[in-house]
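With the hints as constraints, model all of the structure from the sequences given.
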Amino acid sequence: MSLLRPFSKLPELNMANVLLVGNDDTFQHVLADAIVKQENNVNVNVRLARTLPLPAENEDSRPRIDLVVLIVNLRSELSLSSTETSLKHLDTGFFLGKVCFLVTGARCTSVPHERLASLRKIAVSLHCPLLFTEDQTAKGISAAAGRVLNILRVSAGLVPLATGLGLSTLIRCSLPPDLDCQD
Amino acid sequence: MACSPPPATPRSGRAPGGGKSYAGRSRRSLGVELTNIGITPGQLTGLRAPTSRGFPKSRNITEHVDPEQIALLVKNEWKLSYVTPLYQFRHVQLKSYSKQLSAFIVSEKQQGIAVEIGLETNFKVVFSVVLGLAETEDDAETVFIQIHSKPPFAGDGDVPKIIWSGWLTCVGGNPDYLRSLPSGFVCLPLFCASGSESLTSLVKLWFERTFDCSFGTLNLNSTYLQWLASMWTGCHHVSSIRYLKLVWNLPAQPPLDISYTVHPQDAWDLWNSVREQDSTGDTIGINEVERFMKGLESHFFRHFRIYLSAGMLTKVSTAFGSAHCDGKIKVCTLLQPGIFNIS
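Note that the protein sequences, when read in sequence, are chains P and H.
Everything in the first sequence is counted per the working numbering, starting at 3 for the first residue and increasing by one.
Everything in the second sequence is counted per the working numbering, starting at 1015 for the first residue and increasing by one.
Derived from the structure by calculation, the hints contain no laboratory data.
Wrong hints could be hidden among the right ones.
Claimed, not checked - From chain P, some residues computed to sit far from chain H (all C-beta separations above 10 Å): (1) R7; (2) A51; (3) P57.
As the list claims (entries may be wrong) - Rough simulated footprint, nothing fancy, chain H against chain P, three-plus residues with beta-carbon under 8 Å: (4) 70-82; (5) 91-98.
Built from N, CA and C at the ideal position, the CB exists for glycine as well.
Okay, here's the thing in structure tokens:
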């Protein structure tokens, strides 16, 4: 099992690399375009993957990944289960402020509540932020791109005096008291 | 596409949890122990999905309920809504409600019309009680509503046609919740309607104004549909389900609807193979339901290389009835009162 490591490579000047992991190809591409278009000051490099682990043969040419965004489409069970398997291929160093979840389809009424509840519990246990986004509208996608970029700038070390770990302690997902936690 | 799964044990990534009803949580085990830091358990009904359900009792409903009334309930496809408790609703005043509702419908239809030309205004509303559907003494009796109308140019001998019917029911409601209601409230949380959309909204409006309640759409998410598919299959030995038909919608271009029909005996064999050994036979756990669905999905994957879990389960049907994720149900036989336990 090849782990993806956050600190095994040197960072490049004025460069931020984000890895989008998710099953939903169309949303991934649209989001990637939006992220690249929104950022003007820094070279943003968006890489896409359906699942982790990443193929070993590109290991050398791959830049250092500053942020892993796991996209979960709540409309499909497969999206959630493949995210769970992907998580196992991330080095623990990533969970110090270099991973976030992006949830789509949470407003769809025919989605079972348990999916969101279990995703929340995963995010809480891994101390990661959970971002909700609308994938059907252009406005929602540009908002999502903006939020991902904000986190990316910090986790890539481009914001003075801010660190990914510091930001993540502020915005990480916490369980609301009304979420039923009794086993 | 029709195929039938072999009675093989489906793949399951979960270790048997020692019979502990972890259900929704442990299936998301990541090898990471979930830490409950500073969490106080609270009340949010929406997130507290049941992890096990009692097996539907096959009580003979024809002994309790008038067969004519059963015939009214089973022939239509019903659109479901939820209703908040009704204030000051009395089962003894149904006659006056009939008059009020028909007057209300007529007045709403006449709004903005100066001269009445051939407008169907002779509505007749009949409220009736369906006795015997309630399972416990906390459940309020079911109320059935029919709207008859005579076409404008009908002769005297013509019988008025039923143009709309609907019912409000409560079967096996949560006793804690029902007892916690203040006095003066009657809880009939499920509203089923069949007929034109405009009449449905008029009836809803009248109820909202008269009994200070609120209606909302009730969708059946895929977990509910999976429960239904499993519980119906589990009843196969009592009464034949004849077929188990599941419809998935996959987000492809163009959208793909997959209809998956399973032979009842194969479904029953699969269901038996996923039942837990220590289960007593009258309750079903959510993990049994999940394994049943996983078994069906992995069989489909072996044949067609399509992950059904990538899409959404939109419809389940057997000989007992059908349920659609938009909140439409059809009851074909009333052997299974379990399907009403949605509240």
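We went through each hint and held it up to the structure:
no.	hint	verdict
1	R7	holds, 19 Å
2	A51	holds, 17 Å
3	P57	holds, 21 Å
4	70-82	holds (count 5)
5	91-98	violated (count 0)
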